[in-house]
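Colleague: Residues per chain are reported as follows:
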Amino acid sequence: MAVETPPRVTAGTPSTTAKPETGQPWKERWGGLFFVAPFLLLFVLFMLWPIVSGLWNSFFNTSLAGVKQEFLGLQNWRDLFGDPAVWSSLKNTLVFTAMSTPPLVVIALVMALLANRKGLLGWLLRFSYFAPFVLPATVVTLIWVWIYQPGFGLVNGLLTAGGFTEIDWLNTENRAMLAVVITTVWWTVGFNFLLYLAALQGIPAQVYEAAAIDGANGRQQLFRITLPLLSRTTGLIVVLQLVASLKIFDQIYLMTTGGPNHATRPIIMYIYETGFTSYRIGYASAISYLFFAIIVIVAVAQFKLFSGRGEAE
Amino acid sequence: MPPDPALFRPGRRAVLGGLLGTLALTGCGALRSQPKVREWNLFGGGDGARLLQIHQQYVAEHPDVLFEAHTLAWGPPFYTKLAMSAAGGRAPEVATLHLSRLKGFSPTTMLDPIPVDLLADAGVTESDFLPTSWNRAVVDGKLYAVPLDTHPFVLYYNTEICQKAGLLGADGKIKTVKGVDAFLDMLKAVKDVTGKFGASVETTNPWRLWWTLYGQLEGKFFDETGTRLVLDDAKALEALTLMAKLAADGLTPRSSNYSALVAQFTNGDAGLSFNGEWEVTTYQTAKMPFSMAPFPVVYDVPKYAGDAHTFVLPHQSNRNKDDTKATVEYIAWMLKHSAEWAAGGHVPAYQPVAKSDEYLKLKPQAEYRSVAPDVLFDPDAWFSGSGAQLQNEAAAAFSGVFSGQATPKDALAQFKAATQKLLDTPSPV
Amino acid sequence: MTTATLPAATKPPRWNFPKTASAVGAVILAVIWLVPLLWALDTSLKPEPETTRAPITWLPESPTTDAYRSVIDQGDLIRWFFNSTIVSVLVTTLTLIVSVLAAYGFSRTKFPGRKVLFGLIIAGILVPPQVLIVPLFQEMTGLGLVDTYWGMVLPQVVAPVMVFVLKKFFDGISRDYEDAARVDGASRWRIVWSVMVPMSRPILVAVGIFTFIGAWNNFLWPFIVTTDPSMMTIPVGLANVQGSYGLRYAQIMASAVLGGLPLLIVYALFQRHVVRGVGDAGIKG
Numbered sequence: 001m002a003v004e005t006p007p008r009v010t011a012g013t014p015s016t017t018a019k020p021e022t023g024q025p026w027k028e029r030w031g032g033l034f035f036v037a038p039f040l041l042l043f044v045l046f047m048l049w050p051i052v053s054g055l056w057n058s059f060f061n062t063s064l065a066g067v068k069q070e071f072l073g074l075q076n077w078r079d080l081f082g083d084p085a086v087w088s089s090l091k092n093t094l095v096f097t098a099m100s101t102p103p104l105v106v107i108a109l110v111m112a113l114l115a116n117r118k119g120l121l122g123w124l125l126r127f128s129y130f131a132p133f134v135l136p137a138t139v140v141t142l143i144w145v146w147i148y149q150p151g152f153g154l155v156n157g158l159l160t161a162g163g164f165t166e167i168d169w170l171n172t173e174n175r176a177m178l179a180v181v182i183t184t185v186w187w188t189v190g191f192n193f194l195l196y197l198a199a200l201q202g203i204p205a206q207v208y209e210a211a212a213i214d215g216a217n218g219r220q221q222l223f224r225i226t227l228p229l230l231s232r233t234t235g236l237i238v239v240l241q242l243v244a245s246l247k248i249f250d251q252i253y254l255m256t257t258g259g260p261n262h263a264t265r266p267i268i269m270y271i272y273e274t275g276f277t278s279y280r281i282g283y284a285s286a287i288s289y290l291f292f293a294i295i296v297i298v299a300v301a302q303f304k305l306f307s308g309r310g311e312a313e
Numbered sequence: 001m002p003p004d005p006a007l008f009r010p011g012r013r014a015v016l017g018g019l020l021g022t023l024a025l026t027g028c029g030a031l032r033s034q035p036k037v038r039e040w041n042l043f044g045g046g047d048g049a050r051l052l053q054i055h056q057q058y059v060a061e062h063p064d065v066l067f068e069a070h071t072l073a074w075g076p077p078f079y080t081k082l083a084m085s086a087a088g089g090r091a092p093e094v095a096t097l098h099l100s101r102l103k104g105f106s107p108t109t110m111l112d113p114i115p116v117d118l119l120a121d122a123g124v125t126e127s128d129f130l131p132t133s134w135n136r137a138v139v140d141g142k143l144y145a146v147p148l149d150t151h152p153f154v155l156y157y158n159t160e161i162c163q164k165a166g167l168l169g170a171d172g173k174i175k176t177v178k179g180v181d182a183f184l185d186m187l188k189a190v191k192d193v194t195g196k197f198g199a200s201v202e203t204t205n206p207w208r209l210w211w212t213l214y215g216q217l218e219g220k221f222f223d224e225t226g227t228r229l230v231l232d233d234a235k236a237l238e239a240l241t242l243m244a245k246l247a248a249d250g251l252t253p254r255s256s257n258y259s260a261l262v263a264q265f266t267n268g269d270a271g272l273s274f275n276g277e278w279e280v281t282t283y284q285t286a287k288m289p290f291s292m293a294p295f296p297v298v299y300d301v302p303k304y305a306g307d308a309h310t311f312v313l314p315h316q317s318n319r320n321k322d323d324t325k326a327t328v329e330y331i332a333w334m335l336k337h338s339a340e341w342a343a344g345g346h347v348p349a350y351q352p353v354a355k356s357d358e359y360l361k362l363k364p365q366a367e368y369r370s371v372a373p374d375v376l377f378d379p380d381a382w383f384s385g386s387g388a389q390l391q392n393e394a395a396a397a398f399s400g401v402f403s404g405q406a407t408p409k410d411a412l413a414q415f416k417a418a419t420q421k422l423l424d425t426p427s428p429v
Numbered sequence: 001m002t003t004a005t006l007p008a009a010t011k012p013p014r015w016n017f018p019k020t021a022s023a024v025g026a027v028i029l030a031v032i033w034l035v036p037l038l039w040a041l042d043t044s045l046k047p048e049p050e051t052t053r054a055p056i057t058w059l060p061e062s063p064t065t066d067a068y069r070s071v072i073d074q075g076d077l078i079r080w081f082f083n084s085t086i087v088s089v090l091v092t093t094l095t096l097i098v099s100v101l102a103a104y105g106f107s108r109t110k111f112p113g114r115k116v117l118f119g120l121i122i123a124g125i126l127v128p129p130q131v132l133i134v135p136l137f138q139e140m141t142g143l144g145l146v147d148t149y150w151g152m153v154l155p156q157v158v159a160p161v162m163v164f165v166l167k168k169f170f171d172g173i174s175r176d177y178e179d180a181a182r183v184d185g186a187s188r189w190r191i192v193w194s195v196m197v198p199m200s201r202p203i204l205v206a207v208g209i210f211t212f213i214g215a216w217n218n219f220l221w222p223f224i225v226t227t228d229p230s231m232m233t234i235p236v237g238l239a240n241v242q243g244s245y246g247l248r249y250a251q252i253m254a255s256a257v258l259g260g261l262p263l264l265i266v267y268a269l270f271q272r273h274v275v276r277g278v279g280d281a282g283i284k285g
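Protein chains in written order, with UniProt numbering: chain A, 1 to 313; chain B, 1 to 429; chain C, 1 to 285.
Hints in this document: simulated from the structure, not taken from any laboratory. None of the values given here were measured: they were computed from a predicted structure. It is possible that some hints are incorrect.
[Stated by the list, open to error] Derived lysine to any residue pairs resembling SDA-like cross-links, with alpha carbons at most 20 Å apart:
#1 Lys110(C) / Ile122(C)
#2 Lys115(C) / Trp30(A)
#3 Lys27(A) / Leu117(C)
#4 Lys110(C) / Lys168(C)
#5 Lys247(A) / Pro129(C)
#6 Lys19(C) / Leu227(A)
[Unchecked claim] One-sided excerpt, in silico: chain A residues whose CB lies under 8 Å from chain B:
#7 Ser63
#8 Ala65
#9 Thr165
#10 Glu173
#11 Gly259
#12 Arg280
Glycine included, each C-beta is placed from N, C-alpha and C at the ideal position.
So here's chain A without its partners, still in its complex pose:
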């Protein structure tokens, strides 16, 4: 996904009209392919081929153990629709997305508004807000599992100190997902924060000066100028965030391994378990395709929505 990149160097001639070049006709006609070839080779090997072979496998009972491979026709696909684990893990994925996206957008915006200042304080704020994002998932989850630990963890330590009863966050069905979402917000909000910050810094100061001359106070400037000017950025962030949240795997695998009682197991983890833990490569490929279709639908829908709005501006 990409933001409109403001060209640094103003365009001279439109790019598509390549000028005729001197040289041999063969080189002239095919030489360009040479530049594209390395990427294309890797693209075919590690993206196109697995897409095709995954589809192929989904019609077989391919096993990781390599013991047999029989053609099943549509059996895997039929099983898929009758498999409650598919639907419950899909539901968990959507629940995670619905729970994590709003705070990841709103808190990022608040952070950007707060941290849009110069000097040492600005640097420190930007550092604190974004620092978790550069940590690997494992480091993040090791820290948070420890924080959520009953008995001697930080959160429960605070709860008991405040006279509340402690909660075993990661092992309680209706708390575990919340715990994962809190961790995720802490970890990844920094990226959205930076996108907002960049957008904020792109608003020319004259706009505010003009507004101040018109007598607009801080609150009016925020709601009438800043937020409307950020709407495009917000659209972008929501798009990126929804797709990113749908792909949830790392934090959940590392914090709860999908538990308790599969209450946090996302669809990617079910694919992983089916394919690698239970050896059922063929069936896992079929589930992958179901999820693939959902991602593509969401992404295309949003892209349409987003690019439509982009043109309107």
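Given chain A, work out where chains B and C should sit, using these hints.
Modeller: Same frame as chain A, but now just chains B and C:
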């Protein structure tokens, strides 16, 4: 105008060249004459600490072998990695495997058979094992695993706390309790002393406790063909109801994972602990007053959930003869030194050690090793065994019984449905 | 621009209070965001028995670096650090080279099927790598690349979004520079490295940093394609391999601190580039 490119070129090339050079050095293991033994295990508890010491001795005695051991996270992570490494072709030379997992691991494709002749050369033969454990390691007439130990579910007790609770006999050992009421009284007495819990339990994975209780009720799981679930609902519910009562009365925590189970017994929040016998080293290291006993016979017959660790040779696409020889010698060496392994809690499978004075003198091992013949293995199916899907489904369903989020009835229904689904799934092995 | 209709009389700015309030709010939020990191550091400096004490102790009563010493002595962490460095550097270098070439090819050259190919690659942006783990692992077993650096690196090099971003950027660069270089006799290959690359340095630095962070932190793919602990990267190794036994919360936190430190330092040093990079390219790692 563009800066002079010559400034950047050599640098970039040097960096790349350096990188490729490094890769060539590290990626290539062919330039060696020493045999190599890489061992993977799943001993994350006190037995892992014990294994580390034993391995240090092995390395000291075998300077000619390139030896490397790794502990991977117990259960599904370990078995998934092991299977993927066997599928990938660059598996370690040797790994530990639960005997209950052997058939479901697809031994004929994912493991290489143990060269029995090499094993005999190293001084270990069939006669060194009990027939039951040896025979379980044979698949299609070939030996695929070398049994290392057996590990029953046992009772740990804090001698100081239990003394205060009046549970110790004149000999300083815990008095044997029998029956549900006596069992509950014992837990209550301990709870009164600790002020917190009676026993620490892994509520997030209560399979071993449930399987022990259900086994003591003489409950069956599969029919003779191994294809039909014949779970006895009344008995299963009886065991689950008892587990729910333990948590509801505060005799055990409502929610605790494995590390919390260890911590609660160590710091005295619980005076008893229901667990496998592999944490001896941890509690000895903590210098706490503790001993062990067989898990109480709460119901009708003495049965104790358990399993056995074995050594296997994961499948390699290019197995090296020298490495294999060194690996088999390593296995034999480990068996002959399994008294040290047994000091960590496990009951050795290698009979020359199991019958040795060195082992027989070990405390507190002497207090519980007699139950080894009554160890109850997991149901026999490709999805069953330590850390396999059946246990995971049981954990998913039964942990709610402790936390109070599920009634025993609902939990059982969920577990049965999940088991049926596994039965209906065509075996991938 | 605005429709505010307040009298135009210039009032003295009265925002001192909100400004202070927002500064205080910003600092509070920053502290909340830093607490988990500090708590990890705090725990890592405690002796093991103190970590499980209830009620919790805020600062270590007898601070010790024992946990760090044992974690480093176990040796794996250093090996994983080495692996992470190799993999991330390779991924970043190869991604930049391959994507720059492809972007140039699509932006400046003509060959039959160019548009179709570009469309295909853009469609690749929609493919989440997560759905490919199963067939890709199968493919790696076939190629014998499981537990190798190349197995980890090559699939990560395929970043269609990078080609897209760079092509758009190249499209905006005037052709005058190339034409001048061509008059001097430079080949297209030479033009890429001596005209296009130097002119796109800011964006290349930005996407390079993000590719590096993304590769360093990538969990799922290295997790799938490595099984051998000595081939794992830091995130994968920390998650899968246990180096100590018994009570070990302080050690776990010590390894978390050590595992997170390299990129925190990189980030602190290059914050300006990172912040600007997001503005320039807006790429999700």
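Colleague: Run every hint past the structure and note whether it holds.
Modeller: Tested hints:
no., hint, result
1, Lys110(C) / Ile122(C), "holds, 18 Å"
2, Lys115(C) / Trp30(A), "holds, 14 Å"
3, Lys27(A) / Leu117(C), "holds, 19 Å"
4, Lys110(C) / Lys168(C), "holds, 16 Å"
5, Lys247(A) / Pro129(C), "holds, 9 Å"
6, Lys19(C) / Leu227(A), "holds, 18 Å"
7, Ser63, "holds, 4 Å"
8, Ala65, "holds, 4 Å"
9, Thr165, "violated, 11 Å"
10, Glu173, "holds, 6 Å"
11, Gly259, "holds, 6 Å"
12, Arg280, "holds, 5 Å"
Violated hint for the displayed structure: number 9, the only one.
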